[in-house]
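J.: Two chains, two frames, some hints: make the complex.
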Amino acid sequence: SAVISQKPSRDICQRGTSLTIQCQVDSQVTMMFWYRQQPGQSLTLIATANQGSEATYESGFVIDKFPISRPNLTFSTLTVSNMSPEDSSIYLCSGEDVGTEAFFGQGTRLTVV
Amino acid sequence: GNSVTQMEGPVTLSEEAFLTINCTYTATGYPSLFWYVQYPGEGLQLLLKATKADDKGSNKGFEATYRKETTSFHLEKGSVQVSDSAVYFCALSGETSGSRLTFGEGTQLTVNP
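Those protein sequences? They're chains X and V, same order as listed. Under my numbering, residues 1 to 113 are what the first sequence spells out, in order. Under my numbering, residues 1001 to 1113 are what the second sequence spells out, in order.
Excised from the complex, chain V in its bound form (with noise of 0.2 angstroms):
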C-alpha cells in the first residue's frame, strides 16, 4: 500500500535559517504529492504541490521537487521567518487510490527570533 515518511521533529531554527524537512514515499505508479501545513489552532492548508515526476511546486517561499528516482518531496525554503512556525505533512494521493490522502508524521517546527 502507499506510505509517506517524514524526517522525525520537532525541528527548532533561528529566523534567517535554512530549512530542510525530508519526505519520501512508497506507491505503486504515478501519485500526486502534497505537502500541508497546520498553524496552531487551525485545520490544514495546502502548502504546494507537484503531479508529476522533476515537477517542482512552490509557495510563500517554500519548494519541494518531485524526484521519482529517489521517491522523495523533500520541503525546502531558503530564510524561515517566526511566521513559519507550524506542523508540516507530506502527504500521497495515489493512482489507485482515487482522492484518498496518505499522510506523514508530520514535523513541528519551531523558528525563533
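Looking at chain X on its own, in the form it has when it is part of the complex (with noise of 0.2 angstroms):
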C-alpha cells in the first residue's frame, strides 16, 4: 500500500506565527484530507484537499486560518496560520484513492506557546 511522509514531525511555535506541514505519498493517489486531533479527543476533518482547485472545507474551518495546497496527486500542504495554543494538536493527512482505504501519515504534533 501507498506510504505518507509527513513533516515535520513535531514543532514547538510561538503563538501569532504559522506552520506549513508537508505530506508526500510514494504514489498518486484521488483524494487527500487533513485532520485534527485535539488533546484527549478524537479526528476531525479539517478539509479535503483538491489537486488545482481550493479545498473543500468542513464547517468550523476556514481557508483563512488553514489554507491548504494541493499541487499534484502526491504532494499537499496545510498551514496553521497566526497560531494561538489552542491550535496545539495533532495534525494529520491522509490519502485514499479508488478502491482503497484510507491510509494516514505519522501525524504532526504541534505545541502553541
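Keep in mind that the hints are not guaranteed to be accurate.
Only pairs whose alpha carbons sit at most 30 angstroms apart, straight line, appear in this in silico DSS-like list of lysine-lysine [said to hold, decoys possible]: (1) K1060/V <-> K7/X; (2) K1068/V <-> K7/X; (3) K7/X <-> K65/X.
No lab work stands behind these hints, which were simulated from the structure alone. Just so it is clear, the structure is predicted and the values come from calculations on it, not from any experiment.
T.: Rendered as C-alpha cells:
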C-alpha cells in the first residue's frame, strides 16, 4: 500500500506565527484529507485537499486559518496561520484512492506557546 | 449526520485477557465500518474493516462484525498482548459522505504483563 511521509513530526511555535505541514505520498492518490486531533479527543476532518483547486472545508474551518495546497496528486500542505495555544493538536494527513482504504501520515504534533 | 460512539476508556487489562471495545454508529444507508489503531508516537493504521451487513473483519487476532440490526461494530480479541497497548478508533465512511471518515472518540487500551 502507499506510504505518506509527513513533516515536521513535531514543532513548538510561538503564538501569532504560522506553520506549514507537508505530506508526500509515494504514489498518486485521488483523494487527500487533513484531520486535527486535539488533546484527548478524536480526529476531526478539517478539509479535503483538491488537486489544482481550492480545498473543501468542513464546518468550523476556514481557508484564512488553514490554507491548503495540493499542486499535484502526490503532495499537499496545510498551514496553520496566526497560531494560538488552542491550535495545539496533532495534525494528520490521509490519502485514499479508488477502491482502497484511507492511509495516514505519522502526524505532526504541534505545541503553541 | 453520521456519528460514531465508542465505549469510554481507558481500558486496562492483563495479558491474555479477553478484549471488547464497543462501537455503535448512526448513518443513513449502508456505511463502511473501520477500526484504526494508533500506537504510541505513530500515525493511524487500518486494523480491519467491513463493508456490508454481517461481514466480519479480522486482522492480528482482532475481529469485528458489522451488525446492521444493532448498528454496531464491536472490536474483540480473545487474548491480548502487551504489544496491543494503543488507542483504538472506530470509524465509518458513509454512502453520502464519500471518502470522508467520521471517527469515534478513541479508546486507550493498556495491557499489563
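J.: Starting from the hint list further up, note which numbers the structure goes against and sort them upward.
T.: 2
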